[in-house]
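Participant: Read off the chains here:
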Amino acid sequence: SAVISQKPSRDICQRGTSLTIQCQVDSQVTMMFWYRQQPGQSLTLIATANQGSEATYESGFVIDKFPISRPNLTFSTLTVSNMSPEDSSIYLCSVDILRLADQGEQFFGPGTRLTVL
Amino acid sequence: AQSVAQPEDQVNVAEGNPLTVKCTYSVSGNPYLFWYVQYPNRGLQFLLKYITGDNLVKGSYGFEAEFNKSQTSFHLKKPSALVSDSALYFCAVRGRNTDKLIFGTGTRLQVFP
Chain A
1 SAVISQKPSR DICQRGTSLT IQCQVDSQVT MMFWYRQQPG QSLTLIATAN QGSEATYESG
61 FVIDKFPISR PNLTFSTLTV SNMSPEDSSI YLCSVDILRL ADQGEQFFGP GTRLTVL
Chain B
118 AQSVAQPEDQ VNVAEGNPLT VKCTYSVSGN PYLFWYVQYP NRGLQFLLKY ITGDNLVKGS
178 YGFEAEFNKS QTSFHLKKPS ALVSDSALYF CAVRGRNTDK LIFGTGTRLQ VFP
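These protein sequence lines are chains A and B, in that order.
Our numbering puts the first residue of the first sequence at 1, with every later residue one more than the last.
Our numbering puts the first residue of the second sequence at 118, with every later residue one more than the last.
A hint or two may mislead.
With a straight-line Cα cutoff of 25 Å, these simulated BS3-like cross-link-like pairs (lysine-lysine) come out [unchecked claim]:
#	chain 1	residue 1	chain 2	residue 2
1	A	Lys7	B	Lys166
2	B	Lys186	B	Lys139
3	B	Lys217	B	Lys166
4	B	Lys166	B	Lys194
5	B	Lys186	B	Lys166
6	B	Lys166	A	Lys65
Honestly, the hints are just simulated from the structure, not real lab data.
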C-alpha cells in the first residue's frame, strides 16, 4: 500500500479565486490521478499525471481550469482556477503503485473538501 | 464504453444478518474489478479486487465478493454485518488495457443495531 497525504484538508474560497491542492506519497509512483467527488455523487476522473509529461485530461476537464504539476515521483498538485460554486467538491488524489504488474488497485488520499462561496 | 452500475442507492440490514451490495459492469474483455469503502469525512479505502482465478475474492474486514462472468456482476457480501460497516461503498472497474478506473454511483450501507 501507500501513505498519501493531501493539503489542505478543507478550504472555503471566494468565487474567482484559485486554490492549489497538494498530494504527497510516501513512495515513488509512476501514475497519479486526480478525481472530483461532487456532493452526494460518485468519483469522476479529472486527469492522469505522469512524471515528466503533460497530464492527460478526461472529457469535460481542461488544463486552463485544472492545471496539474508533477515535478517528481512522489508529489503532484492540482489547481482549481477561477472558482465558482459549482466547483464545490471533494478532490482526491490517488496512486497506482503496482503499475508494472498491471493489476494494481489505486490508493486514495484523504481528500480536500472545497467550498466555494 | 466501460460502465459500472450499482442499482441500490441504499441498503439497510440488521446487525448480525448477511449483507449484499450489488454491482454489475460493462467492459470489453476481462476486467479488473474493485470495491472501495468511504467512511464519513474520509478518503476511499480499498477493500478487495478481482484480477483472475477464483471467482470468490476475500478482502478486508470480513468482506468478500463473487465474480460472475455470465451475469457480469461483482456483488459485495459479508456473512454477518456490523454497525461499524455502515458507510458508502463503491464498485469500480478497469479494463486490461487502461489505467482508468470507472466508479459506480455508490451504495450507502446502513447497519442497524
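Participant: Indicate, hint by hint, whether the structure satisfies it.
Facilitator: We went through each hint and held it up to the structure:
1. Lys7(A) to Lys166(B): This hinted pair is violated, its Cα atoms lying about 28 Å apart.
2. Lys186(B) to Lys139(B): Roughly 14 Å separates the two Cα atoms, so the pair holds.
3. Lys217(B) to Lys166(B): OK: lysine 217(B) and lysine 166(B) at ~15 Å, within 25 Å.
4. Lys166(B) to Lys194(B): Holds, because 13 Å separates the two Cα atoms, which is no more than 25 Å.
5. Lys186(B) to Lys166(B): 15 Å, holds
6. Lys166(B) to Lys65(A): 33 Å, violated
Hints 1, 6 from the list above are not met by this structure, while the remaining hints are.
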